[in-house]
Structure formats: structure tokens, C-alpha cells
Amino acid sequence: AQSVTQLDSHVSVSEGTPVLLRCNYSSSYSPSLFWYVQHPNKGLQLLLKYTSAATLVKGINGFEAEFKKSETSFHLTKPSAHMSDAAEYFCVVSQAAGNKLTFGGGTRVLVKP
Amino acid sequence: NAGVTQTPKFRILKIGQSMTLQCTQDMNHNYMYWYRQDPGMGLKLIYYSVGAGITDKGEVPNGYNVSRSTTEDFPLRLELAAPSQTSVYFCASSKFSGATNEKLFFGSGTQLSVL
Numbered sequence: 001a002q003s004v005t006q007l008d009s010h011v012s013v014s015e016g017t018p019v020l021l022r023c024n025y026s027s028s029y030s031p032s033l034f035w036y037v038q039h040p041n042k043g044l045q046l047l048l049k050y051t052s053a054a055t056l057v058k059g060i061n062g063f064e065a066e067f068k069k070s071e072t073s074f075h076l077t078k079p080s081a082h083m084s085d086a087a088e089y090f091c092v093v094s095q096a097a098g099n100k101l102t103f104g105g106g107t108r109v110l111v112k113p
Numbered sequence: 001n002a003g004v005t006q007t008p009k010f011r012i013l014k015i016g017q018s019m020t021l022q023c024t025q026d027m028n029h030n031y032m033y034w035y036r037q038d039p040g041m042g043l044k045l046i047y048y049s050v051g052a053g054i055t056d057k058g059e060v061p062n063g064y065n066v067s068r069s070t071t072e073d074f075p076l077r078l079e080l081a082a083p084s085q086t087s088v089y090f091c092a093s094s095k096f097s098g099a100t101n102e103k104l105f106f107g108s109g110t111q112l113s114v115l
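Quick note, the sequences are listed as chains Z and R, same order.
Letter 51 of the first sequence, counting from 1, is numbered 51 in the numbering used here, and no numbers are missing.
Letter 52 of the second sequence, counting from 1, is numbered 52 in the numbering used here, and no numbers are missing.
Only chain R is shown next, with the shape it has when bound in the complex (with noise of 0.2 Å):
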């Protein structure tokens, strides 16, 4: 069982480069979030899906786009990179959900800097 799988891993950018992280899930869930993870903050989150072409902004959305394009993938677009959004960057499913008592599967994250 894959889950939530994302990646890269680590990635270094430099000021004003573009680039997307990839999710991608296999158990047939209907949403999908994008979280960041700034030291001692929390996860905040970026975007989420209810499904396949729809997509709606969470709390912390400037600077970065999604697409939802198939069950599966929820790639995640950050079209001119910044300092402030050097952070651990999570994807996440949920069958239904997630703000009721749906349980949320986690990817391992993503460790972005940006320099």
C-alpha cells in the first residue's frame, strides 16, 4: 500500500525560480490538502480539493497554485519562489472530509529551501 506519495524529497531553489511538488494517492480519496510546516507553527494549509477539478484556497494561499486534474494527483505550483516559503511541505488525503472526524493519511513531506 503506496498511500500518499510525494515528491521530491528535498529540493534547493533559488530566488524567483518556479517549481512543483508532486502528490499523488491510491486509495480512491476525494480530498486532498497541501500543508506547510514552519518551525514551531503548526501546519498551515495552503490549498485543498473535494475532487477532481475542484480546488479552493486555505489560510496561507499566496504564491502558490494547484491543480486537480485526476482522483490521484494534487501537484502543487510555486511560480516564483521566495525566501518566506522555505518550509516542510505535506500532502494529505481523506476519503470525506477531513473537519469532521475523517481521518487524514499524510505524505512524508517535502523539505523545500529556498535561497
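Same shape as in the complex, but just chain Z (with noise of 0.2 Å):
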């Protein structure tokens, strides 16, 4: 079985301050594990992904999240955050069999000018 938790349902940020997003996740398998945004009406959007190359991985738009297999964390982080920032972020935790994918609750981030 395979869960994902995301740990803050909101967050808020000042414009150019630091973004982070935490993600905890289980698997039975060597997981891959992908942030999806989700812009106001707008369907997902693939930010990043990892798979089992290098732990800290870079997306778009400046974000990038570090693969910690002893916490079993993948957070997602942005130096200086922008306005078009605004957005609801999910955390997603696959494995090879059965095509399966999980989602985590979603983060809803505001940025405040």
C-alpha cells in the first residue's frame, strides 16, 4: 500500500519570500514521486518529478523538492516566491504495478503582495 500526507492544507507567503511545501510519503516499492500544480480552473500541471536518479530534483518555474528516503519526505521548495505562484500543489506517489497513482490532499498557497 502507498499513502501521501501532505502537512499544511494552506500556506501563505509574502511575495520574494521562501516557499516550502512538505511531503510525507509510504510505499511498498522504490517510489517515484511527482509535485502537480494546479492553477484557479486550469487542470494539473507537472512541476517536477523523481526516479531514483538524483535526490534533489529541479522543476519549473524555480521550484525544486530533495528526495529523503530516511524521512520518507519530498518537499517542494522555491527560493522567492511570485505572485503566479498562487496555486494549489499536490504531492504524488506512484509504483510500477497496477498503474497507480497517488495524490496527496493538495497545499492551497497564497502569496501575498
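Misleading hints may appear alongside valid ones.
[What the hints assert, rightly or not] With a Cα cut of at most 20 Å, we get these calculated EDC-like pairs of lysine to aspartate or glutamate:
#1 R:K9 - R:D56
#2 Z:K100 - Z:E64
#3 R:K103 - Z:E71
#4 R:K103 - Z:E64
#5 R:K9 - R:E59
#6 R:K103 - R:E79
#7 R:K103 - R:D26
#8 Z:K100 - R:D56
#9 Z:K100 - R:E59
#10 R:K103 - Z:E88
#11 Z:K100 - R:D38
#12 Z:K42 - R:D26
#13 Z:K112 - Z:E15
#14 R:K44 - Z:E88
#15 Z:K42 - R:D56
#16 Z:K49 - Z:D85
#17 R:K9 - R:D73
#18 Z:K49 - Z:E64
#19 Z:K112 - Z:E71
#20 R:K95 - R:D26
#21 R:K103 - R:D73
#22 R:K9 - R:E79
#23 R:K44 - R:D26
No wet-lab data here; the hints were simulated from the structure.
Assembly of the complex is requested from the two constituent chains, each provided in isolation within its own frame, with the hints serving as guidance.
Have a look at this one:
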């Protein structure tokens, strides 16, 4: 069985300050991990993915995430938030068998000017 | 590039009515998926298809049906709408299995309310 827990349902930051979105996972196998972003009234868009190569993964729009096996975490960060980062973010874990992706509950990010 | 196109964007149904959510993709992707998104719950897989003529149940298939007669189209059918089916529905596609490291492409969603 696999599961994903996003530790914060809402995160509020000021423009220009760092963003940290926390994600913990459990998986019986070596997982693939993803972060997706959903802007209002849009479909989800892939930010980045981890697939057992480098543990620090760089994505689009200045985001990056670090895979820490010992902590079963895959936290998403960005050094400086922009107003356009206001969106909902989903951490996703997958296992190869069964075409199964498991989504976290999402973290809604508010960016204040 | 149209990508994944879903129609309609919004719909209100009465209890017991039926409807079909349409999904089409123009990327020649083998895999297609239907998810529902409930507040604070992430996305749940309803049905998926690995190619034309092949469909399989996901986590929450009850109350829904699908078909995949062509590579491009993957409609989702609600036969007897219930209030529990009020949700936002997303169609997605990928060239190969999304459960490996494959990127999913999502449509913009259908907001469905059953009253």
C-alpha cells in the first residue's frame, strides 16, 4: 500500500520570500514521486518528478524538491515566491504495478504582495 | 496544440439524471484516465484505459461507466446521478503508464453538481 500526506492544507507567504510545501509518503516499493500544480480553473500541470536518479530534483518556474529516503519526505521549495505561484500543489506517489498514482490532499498557496 | 479537451466545463444535474462527460486527446497517447477531485481529498482514480478497447476500474468506479472505442476519446458516463457524485472531474492522458515516471497531461476539468 502507498499513501501521501501533505502536512499543510494552506500556506501563506509574502512575495519574494521562500516557499516550503511539505510532503511525506509511504510506499512498499521504491517510489516515483511527483509534484503537480493546479492554477484556478485549470488542469494539473507537472512541476517536477523524482525517479531514483538525483535526489535533488529541479522543476519548472524555479521550484525544486529533495527526496529523503530516511525521512520518507519529498518537500517542495522555491527561494522566492512570485504572485503567479498562487495555486494548489499536489504531491503524488506511484508504484510501477497497477497503474496506481496516489495523490496527496493538496496544499493551497496564497502569495501576499 | 489542443492537448486534452474536456466538455462541458460546468453542469448541474438532478438526482437520477444521466450524462456523459466527454474527453478527447490529440497526442496519440495510449493511456487515458478519469479522476474526481473532492475538496481536501486529492484526486481519486475512477477508471483508466491502456488503449482502445481496454478499460479497467480505478479506486472509485461505482456509479460510472467508460468506453474507449478510439485512441482519442474516453467518455465517462453517469447513469443515475447522485449527490455523492458532485465533484470536479478531470480527464488525463499519458503516452505510457503514468504509474512509472510518465508525465500526465490533464484537461481543465468539469465541475458537476447533482441536486
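Outcome of the hint check:
1. R:K9 - R:D56: violated (25 Å)
2. Z:K100 - Z:E64: Outside the cut-off at roughly 24 Å; violated.
3. R:K103 - Z:E71: This hinted pair is violated, its Cα atoms lying about 25 Å apart.
4. R:K103 - Z:E64: holds (17 Å)
5. R:K9 - R:E59: The given pair, whose Cα atoms are some 24 Å apart, is violated under the 20 Å limit.
6. R:K103 - R:E79: With Cα atoms ~31 Å apart, K103 (chain R) and E79 (chain R) exceed 20 Å; violated.
7. R:K103 - R:D26: holds (16 Å)
8. Z:K100 - R:D56: holds (12 Å)
9. Z:K100 - R:E59: holds (9 Å)
10. R:K103 - Z:E88: Holds: K103 (chain R) and E88 (chain Z) sit about 18 Å apart, inside 20 Å.
11. Z:K100 - R:D38: Judged against 20 Å, a Cα distance of about 18 Å means the pair holds.
12. Z:K42 - R:D26: Cα-Cα ~18 Å, so holds.
13. Z:K112 - Z:E15: holds (6 Å)
14. R:K44 - Z:E88: Holds, at about 16 Å.
15. Z:K42 - R:D56: Distance of about 26 Å is beyond 20 Å: violated.
16. Z:K49 - Z:D85: Judged against 20 Å, a Cα distance of about 18 Å means the pair holds.
17. R:K9 - R:D73: holds (17 Å)
18. Z:K49 - Z:E64: holds (10 Å)
19. Z:K112 - Z:E71: At roughly 31 Å apart (the allowed maximum being 20 Å), E71 (chain Z) and K112 (chain Z) break the hint.
20. R:K95 - R:D26: holds (11 Å)
21. R:K103 - R:D73: Within the cut-off at roughly 19 Å; holds.
22. R:K9 - R:E79: holds (19 Å)
23. R:K44 - R:D26: violated (24 Å)
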